[in-house]
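Using the sequences provided together with the hints, build the complete structure.
Number of protein chains: 2
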Amino acid sequence: LELHECLAKRRDTRHFLSEPVPKTVLDKAFKSAHQAPSVGLCEPWRFVLITSQEKRIALHQGYLKTRAEAALQISDPELQKLFVSLKLEALLEAPVVIGLFCERPPDSRFTIGIQGSIDTVEWSCVCAIQNLWLSISAQGYAAGWVSIIDFKLISETLKVPQTWEPLGLLCVGKPATNYGGIPMLEKENWKKRTPNPVVIEV
Amino acid sequence: LELHECLAKRRDTRHFLSEPVPKTVLDKAFKSAHQAPSVGLCEPWRFVLITSQEKRIALHQGYLKTRAEAALQISDPELQKLFVSLKLEALLEAPVVIGLFCERPPDSRFTIGIQGSIDTVEWSCVCAIQNLWLSISAQGYAAGWVSIIDFKLISETLKVPQTWEPLGLLCVGKPATNYGGIPMLEKENWKKRTPNPVVIEV
Chain A
3 LELHECLAKR RDTRHFLSEP VPKTVLDKAF KSAHQAPSVG LCEPWRFVLI
53 TSQEKRIALH QGYLKTRAEA ALQISDPELQ KLFVSLKLEA LLEAPVVIGL
103 FCERPPDSRF TIGIQGSIDT VEWSCVCAIQ NLWLSISAQG YAAGWVSIID
153 FKLISETLKV PQTWEPLGLL CVGKPATNYG GIPMLEKENW KKRTPNPVVI
203 EV
Chain B
3 LELHECLAKR RDTRHFLSEP VPKTVLDKAF KSAHQAPSVG LCEPWRFVLI
53 TSQEKRIALH QGYLKTRAEA ALQISDPELQ KLFVSLKLEA LLEAPVVIGL
103 FCERPPDSRF TIGIQGSIDT VEWSCVCAIQ NLWLSISAQG YAAGWVSIID
153 FKLISETLKV PQTWEPLGLL CVGKPATNYG GIPMLEKENW KKRTPNPVVI
203 EV
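As you go down the protein sequences, you meet chains A and B in turn. Numbers 3 to 204, taken from our numbering, label the letters of the first sequence in order. Numbers 3 to 204, taken from our numbering, label the letters of the second sequence in order.
Hint data in this document are derived by calculation from the structure and do not stem from the laboratory. Please note that a few of the clues may not be correct.
The list cannot tell twin chains apart, which means a pair is met if one copy fits it or any two copies do.
Stated by the list, open to error - Cut-off 35 Å, straight-line C-alpha distance, at most; resulting in silico cross-link-like pairs (DSBU-like, lysine-lysine):
(1) Lys161 x Lys67
(2) Lys83 x Lys25
(3) Lys30 x Lys83
(4) Lys67 x Lys189
(5) Lys176 x Lys67
(6) Lys83 x Lys33
(7) Lys194 x Lys161
(8) Lys33 x Lys193
(9) Lys67 x Lys11
This is the structure in structure tokens:
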């Protein structure tokens, strides 16, 4: 798929068909992630394929808890009702769920490019996640990033090394819908996109 | 350009030809950035086209200062020599330099998806930056993200609104080289890529 077409068609997806994702598709997507730029070439991205249904259930419970807490912050009852009606994850039923992590290079090693902000290490992981997402989309599948969950619970549930910092979860599968080609939150009347990005000149 | 070809060919570029970047190329790239996923559809990315040569010089001075401080952290003299020999920016001569910023949605507005980590807002900007970078690459140009600089200096020099948080600078232009199709830091013997990403199963 041509790059710009892929960027336009990629959707944050929470509705999947049950058909499995072939290993070749995932392998190609992880290879694409690994081609992301990384600060000082530190390649800090780490991925966890969650095959255990028990762990999925634990993560889903965590999502429900955090969502319930979040709903209490919404004072407008109509808005609160809309929020809890939205499907914002697919942790139980997506054919594939991937844990997203960042492992910082050890302080003992000098890393080029972290001088402005140590967060550049996480940002490298995000570039890799975006590559992963785009590759999945270009191959006819879809993905959705889940971040309504206590991130500490992700680490505890997946029992990753202590040096791995959680960045959320990615649900992957054949999309059941493309939401009419617009973001789901726009389709569900939660929020509209702005027509243009903010670009100023100085 | 096909997505996977684009992901493979994108390079973090610091060597540019002097030929200008057409406005149509930049417009298409900014449009691509604006198609990035954003947490709760908050579209937090902000871009600054730096046309002032005076501001470029100030930023370049800032880079030199931070690089000099960074060099002092390297105890191995050979490594230190290699580090200062590397060209890690193109702030004075790149045809285009873009300031990269994030503006968080106001606390008064409920935002979907920031519950796991407020950093998801910055991560949305990084997805937009990666889209921008890929679009620039697909259109036959190249970009390089500069983060060896005091980020506060970026905000002060560009006089952006106080709510804009700096994420670094992006140099853009026609590439003078593709570094033999590998990361420049690998070509310059600073660091080698690993063959595969870390993917574990649980």
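Using 35 Å as the alpha-carbon threshold, which applies to Lys194 and Lys161: within, between, both, or neither? between (38 Å within a copy, 29 Å between copies)
Alpha-carbon proximity context of Lys67 and Lys189, limit 35 Å: within (25 Å within a copy, 49 Å between copies)
Alpha-carbon proximity between Lys161 and Lys67, which holds within one copy, between copies, both or neither at 35 Å: within (20 Å within a copy, 42 Å between copies)
What label fits Lys83 with Lys33 when the C-alpha limit is 35 Å: within, between, both, or neither? between (41 Å within a copy, 33 Å between copies)
At most 35 Å between alpha carbons: which applies to Lys83 and Lys25, within, between, both or neither? Cα proximity of Lys83 and Lys25: none, with 39 Å in one copy and 45 Å across.
At most 35 Å between CA atoms: does that hold for Lys33 and Lys193 within a copy, between copies, both, or neither? both (34 Å within a copy, 19 Å between copies)
How would you classify Lys176 and Lys67 at a CA-CA limit of 35 Å: within, between, both, or neither? Close inside one copy (27 Å), not across copies (50 Å); limit 35 Å.
First find the shortest C-alpha distance between Lys30 and Lys83 inside one copy, then the shortest across copies, and answer within, between, both or neither for a cut-off of 35 Å. neither (40 Å within a copy, 38 Å between copies)
Identical-chain pair category, Lys67 with Lys11, by Cα at 35 Å: Close inside one copy (32 Å), not across copies (43 Å); limit 35 Å.
Checked against the numbered hints listed earlier, the structure breaks hints 2 and 3; every other hint is satisfied.
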